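> What follows is each chain in one-letter form.
There are 2 protein chains.
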Amino acid sequence: MATVTPYQQLEQEFRRLHAFRGALAVLRWDAAITMPRGSADVRGEQLATLELECHALLGTPRLARLLERAQAGAATLADWQSANLREMRRLRDHAIATPPSLVARIARAVAQAEARWREARERNDFGVLAPQLEEVVRLVRSRAELLAQRFGLDPWDALADEFTPGLLSRDIDAIFTPLSQRLPTLVTEAIERQADPPILPIEGRFPAGRQRALCIEVMKAFGFPFDRGRFDDSDHAFTEGVPGDIRVTTRFSPRDPFQGLLGALHETGQALYDLGLPAAWVDQPVGQDRGMALEESQSLLLEMMVGRSRAFVAWLRPLLEKHFDATGPQLSEENVYRYLNRVARGPNRSEADELTYQTHIVLRYELERRLLSGQLPVRELRDAWNDLSAERLGLVPASDLEGCLQDIHWALGSFGHFPSYGVGAVIAGQLWEAIREHRPTIDAEIQAGQFAGLLGWLRERVHALGARFGVPELVRHATGRPLSAAPFLRYLERKYVSDL
Amino acid sequence: MATVTPYQQLEQEFRRLHAFRGALAVLRWDAAITMPRGSADVRGEQLATLELECHALLGTPRLARLLERAQAGAATLADWQSANLREMRRLRDHAIATPPSLVARIARAVAQAEARWREARERNDFGVLAPQLEEVVRLVRSRAELLAQRFGLDPWDALADEFTPGLLSRDIDAIFTPLSQRLPTLVTEAIERQADPPILPIEGRFPAGRQRALCIEVMKAFGFPFDRGRFDDSDHAFTEGVPGDIRVTTRFSPRDPFQGLLGALHETGQALYDLGLPAAWVDQPVGQDRGMALEESQSLLLEMMVGRSRAFVAWLRPLLEKHFDATGPQLSEENVYRYLNRVARGPNRSEADELTYQTHIVLRYELERRLLSGQLPVRELRDAWNDLSAERLGLVPASDLEGCLQDIHWALGSFGHFPSYGVGAVIAGQLWEAIREHRPTIDAEIQAGQFAGLLGWLRERVHALGARFGVPELVRHATGRPLSAAPFLRYLERKYVSDL
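As they're listed, the protein sequences go chains A and B. Under this note's numbering, the first sequence is numbered contiguously, ending at residue 510. Under this note's numbering, the second sequence is numbered contiguously, ending at residue 510.
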């Protein structure tokens, strides 16, 4: 009988963890889509029990011993195995860095802050949330300091490592600074150029059933495997599941033919990423996605760069006619393209276009760093938000609802999360430039509804790497160049200035 | 801070187990109803991991110590707590009685036997299954002997305890013997009486959507809570879930307006049982249902006794007209009633009527006891089946497919299971007699579509008892009389002889 090495025993433990995580994914999806409305209490117990089990599994003395012994024998491990061992340690370190008593205090504070956030939104008054948010920030700072000590990082960096592993705030600064410098004028220029001729509004009645049929046709063209995944309607678009059983949802708006489709494309980007993760490592930490920023890059590449390109619109237009019987000048290729890429200054992140969205992210990034360092007291957040909004977006929110109460993230204790949206767009820009370089025929392929070449490139260059490298190294492997905001800015310049 | 007693710690452990079991229920329901077809491999891993976890939880030294210490302090426990402790021990004993090596060998043998059973059915030849079934029987006998030693029971009784806790084979014999004696002549009499005037066939096109609407109307009348449960179409009718999130399915046949409805009623009986279990004990062993026979009794009471009664047909007829626009002599109250209760000898258990069904069960009970005792070698099963079929059912199966290959139970290693179908019918008969005694207005209530009185009686007398008593004691508590086949036989006599 062959000896089972400590490393192999670790793989076995993490295989269990993967099964638990997969079960949790099904339970969450069911809660959002199929669960009876009154069963939330029952489901809450199930989710909490399984999550606690996952957490406990990472904190056992047995796992600690196995990690030590595997590390001692690491010289004999292959590259993927070494990377896997590193990811195992990373997951364990994150899980045990926060003592259970602090985890429990944060959970309680967050539950209250979430309720207060809803109440504050009803009353349109940040003052209702502020005291509870102060408590959340205080506790999250304690947690960040513990993580910082353990990982030898700046506290904010230690939190962000969960979303953008391997990317430090100095890297993020190097990305966001050129964006901040160019975006304000770029927005002005784009708005001027788009004013004439005016973009025709696209309105009408677009039944959900027909939108759904259109989405399915588009998703099939992109290679979404309906025998290994589902597509459902939901209150908001999301992706849930594990590779091998991946479930996309979108939200259909009956007056808008694009919201549901672009939501589906966004989620399909993430789903195809999950489905392309290295099959041999599917149940191991190294076989998982490389965090929020990478997921977002795959979503934005499909939704923004491919899905709002001239080539895609050329392919899409006959499909719109087929599914909606819709024609007219507002549905000309030119107008649809311009409509999908229209730029407007607005106070809301979630409704923002591709250009102003980045400004929203940078604003949050700056504010959350100041909140976490203690430089900005929570009670001054509203004023700071409004000042920065005036400076960067050129507008002051009309109310807290349109300002510092619009996102739930901080009330949930989620700091270090926002930048991954922006970094995701920047990575998408760099990947898109590399794809266009490597596949000069990409526009013709897209125009013909052929996405196999695009998916193949992403599979080989991005998906197949799993969590083998940190974010910056992964981008370098995929594109041959260091992570930089330049390609994304070149893409924006071409799309919103040269091309319009 | 109050001391947590060993008993309270046990409750906490079993609360975790309950959450795991609930998660497993959602995963199984999803696998049958919503999961993408190609994701069975992923789901298999998740189910196996969670099931192993449940099993491991029952076998820890910690649990054994807690059970010992709680037992030592049992004098201070309230009645429900004592019953709960007994059920905890019972679950633990069942879980650890079979050594893991034997569990694994049975699992492997069963997986092969299941495949062979399908192959044997394709070839219509029991010989294909026999060698593998022999191995399963051999291993199940080993398991039965271990359980028998542990529980001080006969081996077959030790297996059956899982399905009909507290009911021994001598009790089952006392139930099945009078059935075996009366049923053959009762079947002959019923068939003679039903021959004239002939029962008109009920055929037509009954779209699934309309059948579904009818089912929902009926289920609502019975008190099924759609905010705490679901109702879906499936390949076969089943109930899955936990109290608080219970999910019923049925199978609609487009040519038959009753199959889907009666399947839904059958499952609604089980669902209402689960929903009526004692709320204070919902996550403890004593708060669970009292096994297969009790579940079956609740299903058959609704499907057979209520759902095929004259009063119910009187209420149902206008609903049939409303949902299917169907009229004509074949849909007269009299014909629908006679149609739903028609008796015919046939080789298949799953298609059998209420009378001949019992004979099918007794036949299997006798054969499986002989198989398990070694008195009947597996290779002689076909002949024994056919002989007993000729003797009891008055027919010899035309082929193995219609004979000893029709059920999968034994190939799956499930012995002691079949009798619970028959015992369930007998319990239903006894409950039905008691209900009619206690609520003389029950027929008028049913005819008016008022089922709250019926449900209230069942809730108070049966559901609210959970697993507090063994099966015979539970029946005595519910009806005031010892478990007996006599009420069920009286019901059959009245329905199929006096009344027709």
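Be a bit skeptical, because a hint or two may be false.
Residues from chain A that keep clear of chain B, each with C-beta distances beyond 12 Å, as calculated [claimed, not checked]:
| id | residue |
| --- | --- |
| 1 | Ala-35 |
| 2 | Thr-44 |
| 3 | Ser-49 |
| 4 | Ala-58 |
| 5 | Thr-59 |
| 6 | Glu-63 |
| 7 | Leu-68 |
| 8 | Pro-110 |
| 9 | Asp-242 |
| 10 | Arg-257 |
| 11 | Asp-293 |
| 12 | Gly-480 |
From the structure, some residues in chain A lie toward chain B, with a derived Cβ separation under 7 Å [as the list claims (entries may be wrong)]:
| id | residue |
| --- | --- |
| 13 | Arg-26 |
| 14 | Ala-42 |
| 15 | Pro-46 |
Ranges between beta-carbon positions, derived for each pair [to be verified]:
| id | chain 1 | residue 1 | chain 2 | residue 2 | range |
| --- | --- | --- | --- | --- | --- |
| 16 | B | Asp-242 | A | Gln-460 | 34 to 42 Å |
| 17 | A | Glu-344 | B | Ala-58 | 49 to 57 Å |
| 18 | B | Arg-100 | A | Leu-156 | 39 to 47 Å |
| 19 | B | Asp-245 | A | Asp-135 | 25 to 33 Å |
| 20 | A | Gly-48 | B | Ala-58 | 24 to 32 Å |
| 21 | A | Gln-340 | B | Asp-242 | 40 to 48 Å |
FYI, nobody ran anything at the bench for these hints, they're computed from the structure. None of the values given here were measured: they were computed from a predicted structure. C-beta atoms are modelled at their ideal positions from N, C-alpha and C, and glycine is treated no differently.
> Which earlier hints turn out false for this structure, listed by number in ascending order?
Hint check: 1, 2, 3, 4, 5, 6, 9, 10, 11, 14, 19 fail, others pass.
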